[in-house]
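> Build the full structure now, drawing on both the sequences and the hints.
2 protein chains.
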Amino acid sequence: MQKTSYSPGTLNYIPFFYVIWADNLLSISEVAVVRRAIKNDPMPTLEDKALLLGWLDRENPPLDNEIKNWKRTISNSGVKLVESEAFPLSTLSQKIVCHYAADCPFNENLKEIEVNLGIQPNHYRHLFEVETIHEGTSHYFDATEIDKILKGNDAMEIDRFRKFLSDPIFNWKIERDKSVFRRKVLEQVQILGNKGYGAIAYPRAYGGKGDMSLYASIFETLMFVDGSLTIKFGVQFGLFGGSIQNLGTKKHHDQYLRNAGSANLLGCFAMTESRHGSNVRGIKTTATYDKASDSLIIHTPGQDDNKVYIGNALHATMASVFAQLIVNGKNEGVHTVLVPIRNNKNEPMPGVTIKDNGYKLGLNGVDNGKIWFDQVKVPRENLLNKYGDIGKDGKYHSDIKNPNKRFFTMLGTLVGGRICVAKGALSGAKMALTIAVKYALKRRQFSDNVKIQEDLIMDYPTHQMRLIPAVAETYVYHISLDRMINTYSDASTDSRKLETHVAGLKALITWFCNDTIQECREACGGKGYMMENRIADLKGDVDIFTTFEGDNTVLMQLAAKGVLSDFKAEYETSGISSVLKLLSSQLGERLSAINPLYTNKVDKDHLYDPKFHKHAFDYRTKRLTYTLAMRIRDYIKKGVPPYQAFLKVQTHLMALGKAYSIELAYTTFTDFIDGMADGKTRFLFQKLAVLYGLHEIKKDASWYLEQGYLGGTKSKAIKQRVERLSSELRPHIEVLVDGFGIPEPCLRLPILD
Amino acid sequence: MQKTSYSPGTLNYIPFFYVIWADNLLSISEVAVVRRAIKNDPMPTLEDKALLLGWLDRENPPLDNEIKNWKRTISNSGVKLVESEAFPLSTLSQKIVCHYAADCPFNENLKEIEVNLGIQPNHYRHLFEVETIHEGTSHYFDATEIDKILKGNDAMEIDRFRKFLSDPIFNWKIERDKSVFRRKVLEQVQILGNKGYGAIAYPRAYGGKGDMSLYASIFETLMFVDGSLTIKFGVQFGLFGGSIQNLGTKKHHDQYLRNAGSANLLGCFAMTESRHGSNVRGIKTTATYDKASDSLIIHTPGQDDNKVYIGNALHATMASVFAQLIVNGKNEGVHTVLVPIRNNKNEPMPGVTIKDNGYKLGLNGVDNGKIWFDQVKVPRENLLNKYGDIGKDGKYHSDIKNPNKRFFTMLGTLVGGRICVAKGALSGAKMALTIAVKYALKRRQFSDNVKIQEDLIMDYPTHQMRLIPAVAETYVYHISLDRMINTYSDASTDSRKLETHVAGLKALITWFCNDTIQECREACGGKGYMMENRIADLKGDVDIFTTFEGDNTVLMQLAAKGVLSDFKAEYETSGISSVLKLLSSQLGERLSAINPLYTNKVDKDHLYDPKFHKHAFDYRTKRLTYTLAMRIRDYIKKGVPPYQAFLKVQTHLMALGKAYSIELAYTTFTDFIDGMADGKTRFLFQKLAVLYGLHEIKKDASWYLEQGYLGGTKSKAIKQRVERLSSELRPHIEVLVDGFGIPEPCLRLPILD
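Quick mapping for you: the protein sequence lines, in order, are chains H and W.
Quick note on the numbering used here: the first sequence kicks off at 1367 and runs consecutively.
Quick note on the numbering used here: the second sequence kicks off at 1367 and runs consecutively.
No lab work stands behind these hints: they were computed from the structure.
C-beta atoms are modelled at their ideal positions from N, C-alpha and C, and glycine is treated no differently.
Please note that a few of the clues may not be correct.
As the list claims (entries may be wrong) - Residues from chain W that keep clear of chain H, each with C-beta distances beyond 10 angstroms, as calculated:
id : residue
1  : F1472
2  : L1864
3  : T2034
Stated by the list, open to error - Covered stretches of chain W, going by a simulated chain H footprint (3 or more residues, C-beta under 8 angstroms):
id : region
4  : 1536-1550
5  : 1571-1583
6  : 1637-1649
7  : 1711-1725
8  : 1891-1898
9  : 2002-2009
Spelled out as structure tokens, the structure:
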């Protein structure tokens, strides 16, 4: 037993006080936590308690010499810190007491401080000069349970599918030659079709399960295996098969759907043209009805009006061709026609020219091509006629009279694909984060002069900031997209609203995924650059997700316009001033909460309160909507045409679309948490939500500060909390990435050897 | 002649007033410009002038009906807007007057408003319903002149080199197979060596010109041709040859330098190891002096201590190997030894194992490999002995006694390579921007219902924000790096300071380049994803520039530590409190400028004033330094060891490193402008500087707002000014990218067809 000037009753608080004051850790509500623990503690004497409570005074903090003395007391004990203990700091305290005193029971009161303050070994590991028995990760939380939550209702099916993917045919390897790579991917797609995975979203009558949600889960799981496979799968079953399912009628389903789902009929989805990408309505390909032959003539008018980037173009025998439908000389707008493009000898049909698009940054296992049609004749029945048809009398007919509405109804059926794309990108981010985190838990670099072993790079604050908020975001987006897919599958859904939601989330999430994969690449240094380690490969593949299935910039504006159109009814009955009045009154309600006390409230309880985050997000959306409407009105009042007015406020639209989508993702996630069973995992999810909320507010802090919504002190406190939360989640980071449920064979990579 | 209610004297102001009020364009100093023009104008009557001046009242703006009436007057005239006129708005005004009045001379006073307000066709093109005779670009500025400025002193040599690169051997094409690609690049490097381009930085005695600046220009120009070629060139001549030049002595120069420069002796630079990248000091390879044989034994102790990512490893016959030098059992620290790794039959030397690193995200024309040494013996003379030597007596000797200082002196000689890397990345950004801008000047998408032709995507504000600030940044960084290279070449330079500068700029610029190439990829949609169009290729190549020659995160911290060490003398004599006192007094001086008037000053003259930008940057650097020093002191006072204290403030270090580097780039650029001859190009460069300055302040607006340095109104005004400046530069954007001087054959790409 060594001597110390501290009594046993104070001694076991000393490691806590050292951590607290070395880092200036406490906000007022946290002081309260410690105070309560001390008051309830039967061990210290009254004198001890007075001393301890004195050390809690934020106005008169302990002197530096006192703090140094604490440190010396800890160091001299020679006690080892065991990170893998359930309560490492409490246990360390107990051992220190044992070193100095005869009697040293475990103090339950300390546990409470440790948990409630979220103090983690990486907060204090560096502070003590004690030896750390270090483990890369804590197992306080359970990855299997998290994975189960993320899998949702499809858990059993997903597990079966993951197992199925362990077949060696799905082993990932570098393929540089596109024709070899494409053959491999084609074979994989055919196997999946054959096993019934392609048809899952189709009705049971055609070999499916009518289960879009499961289809999306299959799609996102494939991304762990390979990006090209995922996209080719999506083109064949989602886009080509999906166009028959959603735009065709029973005759088409009967004739094609089963074969599309089994990949016996390979097809492509020919929408985009060289000169018309985002502006689908402007495409130039025509489908002209020829009454004499009762057929449609598909034609590419100009050399640059060809279809382009068409996936499966080099393998497909049929194409869903988007074209201007011309009946009796009248353009009825964009419709879709099934056009055979190859014969059974795999040669292009007469009048059809197909060219390879060549090498891309990624996805080289997908055969993208260009297609030209030269007066190609197909039967009238090949028109996918759910929303517009040509009768036997040769007359055009549609139940949707407004051509504008008809166009958007047709395109609206593609929303499912957009959700899948976001889910696929998110799988890419999950994969990259998992690799980067696991690497950071084995990679060491630099050290103190005194230590032999270098530090794990996961313990660098810059590394934590790089990866941990991104892990939290990934959880939020996973849950949001799952909710979207379920909403999509629900027939009662307001489809316009869903489109707005999906447009914004697809853009938000695919951008996030690209940024994240890039961070992960850099976080893995040179190893991240080697193709064999998958991150570089994912980077090349996921890159284009920001462009296809809707360019992100266009989609964000679409989302914002969707928000504006919520006020359409109001606008149509009483004009824009009335809309502005409504918005202004909504804003007024929210503004009433914003007083000097609120804008500078930095207490933990407030900053961690979802009500604060929701209020901040809601206020931002409302305020941006209001100012946007004002600006548009001002332009219009001065005679600027609406199209030009919208052009002028384009960056404002982007800001609104983003703000709205972040709010949507956050509220979806917190709603989900509200429905979770009580327990540690729920607690963990709540922490992820807080990190997401504060991180997003932080990213737009300049806006909040400009509006006077945040004061400088609060904005700074939020920044600090984001760093601290990241550091609190550090011990659990491996469990969090394991929770993504990436099949183990997909992680057998040289970088993780 | 049509009738109008406006007199001829007011009529020619109407297009101006319409533009001004439709966009609420004017700040107070700009009102003054218009007021002055009106007052000096002899044409309007006194009554006219009263009316015009009345329309300038920001407190009582013209009524909406008045504004609509202006618009009608313009539209009814049927006059066409010719964008390519020198003063399009003034000319339009004249024509409108001609339409309504008999006499319509050109009004010189209008020119002044047009120029001083920076009103450009894209400000108002959308506002009028007049036909626009549209050209993608203005030729008001001269790309050739700009290019000449950027080329600096090396103009003639650079022009000759650009011409030389038109040789078909340098034609870029997609090479998927790494062995084919590597052979091609090797051949290119040999040709360049043969022609004397590799040796340029070496002394004349060894076939060079002793011209590091020209070497850097050659290096950056190569990037337009191909990334792999650039890097292999840099490895052979810069790193391998450079290590002989900078770390060796005359005997090494005489024996190797000429052959290194002609590429007759192929070499590599073996520093990085699998377990030690950023922490060079911790490398494990040993070079042990064996007295008996008077030789050095090079050895790789563990399986994972191999050299890795070594460029030229598959072709080189010699390596500059970095190893712990052990003499008489004592580790003298990291030194460099020339080690033959292949014999003349191209087989690995005994004891040397070389493996291919395999495929990477990019740079697949560079043969990166891993190297292991198993007790490989080389003569003592192979030690590059400029900074540390083993005498014939077998004793170690160095003029630099402090091993720490010795290590950093050796590494310091590599600073030139770091500048080149940043320059190479910047060429990648220039290339991507040039392609994206030129594409945006031909790509059309969407239109008003009334127009047949769709809009150029370059005319979308989102697109302008995406590309135009990045073009301005590119100019700033080009000039900054040129200055660095000249400073490097100047023997009188304070090398520690230069290292700090280069570390920060390399990190800042390579990150910027990656972000920019990514924006360009997305701005080109699907075409950007096709390898044939170069952007995707550049993306893959430039990606790793953030990691090699110093990981950016590590470099930014190095830069910050360099800033702190400016206070070293102060610290050593009087301790940290004295440093803090000094910093605090420096801050105090700056703070005196910041009063409520200043924090809310939104006038154009102030916002565009370089003094404002410099003050803001200087204040940020000083403030971050002060708070950083405070935090470190607090930790140390509490007994936290310095290494741990620096770890805890890591994100703060990053912020300081970045702030410092931005300030450095900005002041270098504005200093450069101060030295330019008066004229339009100088005016253009000034505008680029303003855009850079405001854009950077905008990016960190949350920090400035938190500090109370900016008020909300000013912060918003800065955001608006960034958009407006981008839009003002829009007509000149093609000239600006042409100014980068990319050889025309490098731009013969399908996307620009």
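> Now look at each hint and say whether the structure bears it out.
Checked hints:
1. Every beta carbon of chain H lies more than 10 angstroms from that of F1472 of chain W, the smallest distance being close to 27 angstroms; the non-interface claim holds.
2. The beta carbon of L1864 of chain W is kept farther than 10 angstroms from every beta carbon of chain H, the shortest such distance being approximately 24 angstroms.
3. Every Cβ of chain H is farther than 10 angstroms from the Cβ of T2034 of chain W; the closest lies at roughly 26 angstroms, confirming the non-interface assignment.
4. Counting residues of the region 1536-1550 of chain W whose CB lies closer than 8 angstroms to any CB of chain H gives 4, so the stated coverage by that chain holds, three being the minimum.
5. For the region 1571-1583 of chain W, the stated coverage by chain H is violated: 0 residues have a C-beta nearer than 8 angstroms to a C-beta of that chain, whereas at least 3 were required.
6. For a cut-off of 8 angstroms, the count of residues in the region 1637-1649 of chain W with a CB near a CB of chain H stands at 7, and the three-residue condition holds.
7. Coverage of the region 1711-1725 of chain W by chain H holds. Counting CB-CB distances below 8 angstroms, 3 residues qualify, and the rule asks for three or more.
8. As drawn, the region 1891-1898 of chain W meets chain H at 7 residues by the rule of a beta-carbon pair under 8 angstroms; at three or more, the given contact holds.
9. Counting residues of the region 2002-2009 of chain W whose beta carbon lies closer than 8 angstroms to any beta carbon of chain H gives 6, which reaches the threshold of three, so the coverage claim holds.
Of the hints listed earlier, the one the structure fails to meet is number 5.
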